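Protein sequence lines correspond, in order, to chains A and B.
By my numbering, the letter at position 150 of the first sequence is numbered 171, and the numbering carries on one by one without gaps.
By my numbering, the letter at position 108 of the second sequence is numbered 749, and the numbering carries on one by one without gaps.
To be clear, the hints were calculated from the coordinates, so they are not data collected in a lab.
Treat the hints with care, as some may be off.
[Stated by the list, open to error] Below are the DSBU-like pairs computed for lysine-lysine, each with C-alpha atoms no more than 35 Å apart in a straight line: (1) LYS1198(B) / LYS434(A); (2) LYS1197(B) / LYS211(A); (3) LYS887(B) / LYS826(B); (4) LYS1197(B) / LYS408(A).
In this text the structure is predicted, and so the values were computed from the model without any measurement.
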Amino acid sequence: MSTIAQISTPLGSGGIAIVRISGDDALSIGRSLFYCKKLVYNDITPRLLYLGDFKLDDATEKCMMVYFKSPYSYTGEDVVEFQIHGGEYLATKVLDKILEKGAVLAKNGEFSKRAFLNGKMSLDEAEATIDMINATSDAELKASSRLAHGKLFDEIKKIQDELKDSLANLEVALDYPEHDDETKSEEIVKNILKNALNRLKKLDETHESGEKIKFGIDVAIVGKPNVGKSSILNALLNEDRAIVTDIKGTTRDTLKETVNYKGLKINFIDTAGIRESDDVVEKIGVEKSKKSIEESDIVLFVLDSSEEMDKEDKQLENFIDPKKIIYVLNKSDKNQKLYIDGAIYVSAKENININSIFDEILKKTKLDKINYSELQITNRRHHNALKEAIKEIEAILKENVMTLDIFDIQIKKIWKKLGEITGETANEAIIDEIFSKFCLGK
Amino acid sequence: MENYDAIVIGGGHAGTESTLALARLGKKTLMLTISLDAIGFLPCNPSIGGTAKGHLVCEIDALGGEMGVCADKSAIQIRMLNRGKGPAVYSLRAQVDKQLYHNNMKKTLEENENIRIKQAEVDEILCDGDKVTGVKTAQGETYFAKTIVICSGVYLKSRIIIGEYTKNSGPNGYLRSENLSDSLKKLGIELRRFKTGTPARMNGRTIDYSKLVVQHGEDDIQTFSFITKIPPKNIRDCYLTYTNEKTHNVIRQNLSKAPMYSGVIKGVGPRYCPSIEDKIVRFADKTRHQIFLEPEGLYTNEVYIQGVSTSLPVDVQKDMYKTIEGLENAEIMRDAYAIEYDLIDSTTLYPSLMHKKIKGLFFAGQINGTSGYEEAAAQGIIAGINASRYIDKKEPLVLKRNEAYIGVLIDDLVTKGTNEPYRMMTSRAEYRLHLRQDNADTRLTPIGRSIGLVNDERWEIFEEKQRQTSQIFELLNKKYKVEEIKDLYIEKNESVPETSQTIKKMIKRSNIDIFDVNSRFHLFDNFSKRALEYVNTQVKFEGYLQQEEEDIENFKKQENMIIPLDINYKKLKGLRIEAQQKLDKIRPSSIGQASRISGVSPADVTILIMYIKSMR
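All chains, please: the whole structure from these sequences, using the hints.
Now the structure itself:
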């Protein structure tokens, strides 16, 4: 694997900056650029800070160097870090020098990826760390940091532990028939399952908001041509909100812009006007629009408030899932002819009432009251495991005639599914539980 | 100077199976044992089988082993445990007459032309380079052989402990092995020390059974062996009693005298078979512990007090046993004792049970860290088979975790190792529904036949059962009209179907089995009970079996990803040091085995897979 390097501290002006090199050549590259009296005659000691000079083209820069010898480093490879005086400019110069010596610029999350490949991190930790690095909104950062710090794991682990306790009970009944009197009845175990089911379902429900936190809320803007969709979009994208991405297509394609609002990502999708068309290009655009209406979380249905709804508007309205719809009546500065309950009256031109649209989006997606201390499942793999566990529990609770050993096997399956999230799946764990709980033997 | 194909050291349950397997595979085999009277000896409880252990016995039998046959011949009470908890965990358990078991086993060995039995203590394993050549006995004899199987049980430098009293001795007063430990050390084999124990034996004449709950055997029951023709009779009963607060007080007051707590015992004891003082300390809130009183045999009054093994001093033992209901005036005939012994680290063995560093040297039984007669016998038969295949330069027989409890047992031993005496449990098996007593023959008899261990008699019995099985399956398609079967459904508390039903559909109902159908229509009168039971289970659990089948397929995929034996883990980039060391020590043969090693993470396995793929 190549040797990689990157500035590890956030860009911008700060007190100090750290430039990290990882890989087989980390030490040789680092040493070739660093002069320290102590290192002239002596070998470098890992994990010791050395004060010296970093050689730039036209100057030297006082800085600290530290070496982490493989495997005792973040990535598990040889790692060298330079701590230099703050300033993006200086850090970039140092990095350039390192790249000149043969290191490759690290991609986003590549240090973590290597840490995973070298067994320094579990897949889940690595995923969460990478999510954290890539987080583009506060809420996403909060969710992924909770994942990394194991709060979600803690909750699933708790459920898993309760199941483990039940399993230990059942298996004692199977392996030590003479100790039948000590074991819990099927009824008690079923109650434990019911409780677990409720808690898992709750976690599952958070997945949706978790997804929204991670990928943003998709909001489609639809309406007939000339009702002011574009000007509403422009008003929504008001310069005091940071535009994160901006993907543009052809005029008939959809346009997606992301805005940060109250720490959440909102992706606005401007659609081409929906109507039957013979024009091939336009047809493609219309198809895409229909698709984006179906796929979006919220649909802003823009109408001209100075006109009543016509046939075309009604057709369009029928096409939209009522649960997703927000009526936006534009041109409220003009003579008003249209009244709809719960609609938001705005004037894109005068920039009136635009913020109400944001608040309505959060309200409709229930993200306005989101409690960040709640746990959100944002990882797809975890979510799948969770869904399957829920399915299995529901199946067991439905079935009434089952022998004890089948019952035990089914519960073990659920426990293992949850273990795909927490990492605990070995039979050994249950056996340990058996012996810590029960007094068995001859 | 005498030459043999194989030498087996030890005549316990591992040693006897090992010797018989070798001899039945045509190898001239010498069995050396410290005492001829300890051949097939049961030094602890007088019973064979129980949960998961009963499965092991059936598997040994299906492969062509002896334990099941001998247990059937020597049983004085037999029961099926776990009835009603599911066919996968049905477990046969027999009380056997200890003397009878020993006699039957010894006679079987004596009758075999390929076996020579000799009483002797082995002092030294002889090697030429990294290959075994023979043994030297303490009495000064030398024997040569191509392969050696060590089944030394708990005899290596063993020490008996009863309170302050300790004695260098094997179990039950037999001599211990003085020098074999040192010889193994010289060969570079590291030794460890475990501890186990046994309760007191009492004179049944002095036990007051009148207040105790009796436990009878079950008549007309399945046998361990698939070839046993006359099932054993129930001629002795067991009894149930409990410890109480008085018992616990005696123990608590004398805890300082318990070697486990005073530091006299240093070996690691088993969690599943704790001494009574251990139970009182670890489970302080329990007000009573169950005790079974088991007869030791037909021609003795001795009774085994199951559940109260201890190493407390004899005077404390006396006071303690006296507090137990039924034992108030009982006389102790043999004191309870603890025993410490040397053993090896089982992860130094290949799945064939041959040592990784010494060619031709096999290990089986308690020396590998297991506990229990059945666990020992299971390893014994495999070590015997593989020692024979080693001589013949054939690939070793390695049973997989989805094929047999024996496979689970040995895979656990060589992959994970054990830090306490290892006992088989059904919860250790991932594919329990497939590993039943009733299908042990379908799983293993064809394997035993292809190896050469299953003789014609056993094979014919097996083929006959297979024939019956397929005939029964065909008959299951027979349909009956609603009026013909209505009564049966009502009687069995099942909702009456609206259309005619096949037998297969009928026995899928939870309250109806194949025997109920037969008692009405007499379609299966000419079939054996074993065949019917097998079919009944296969049909009833069809759905679950299929689900498990899918898991097995996944498991097989990992097992079939072979890791080259010459792989240099230390140079494999990306592996963590701990994983490198563990993999280097265990040298797993497949990705599946590698993933079961403790300390090897899924990330390590991913790297291994990537490496293997890149090599292709």
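Next on the checklist: Against the 35 Å threshold, does the CA-CA distance of LYS1197(B) and LYS408(A) hold or violate the hint?
Outcome noted: OK: LYS1197(B) and LYS408(A) at ~26 Å, within 35 Å.
ask   = Does LYS826(B) lie within 35 Å of LYS887(B) when you go C-alpha to C-alpha?
value = 47 Å, violated
> Straight-line Cα separation of LYS1198(B) and LYS434(A) no greater than 35 Å?
Replying inline: Status holds; Cα separation ~19 Å.
Original post:
Between LYS1197(B) and LYS211(A), is the straight-line Cα distance small enough, at 35 Å or below?
Top reply: Answer holds: LYS1197(B) to LYS211(A) is near 33 Å, not above 35 Å.
Checked against the numbered hints given earlier, this structure breaks only hint 3.
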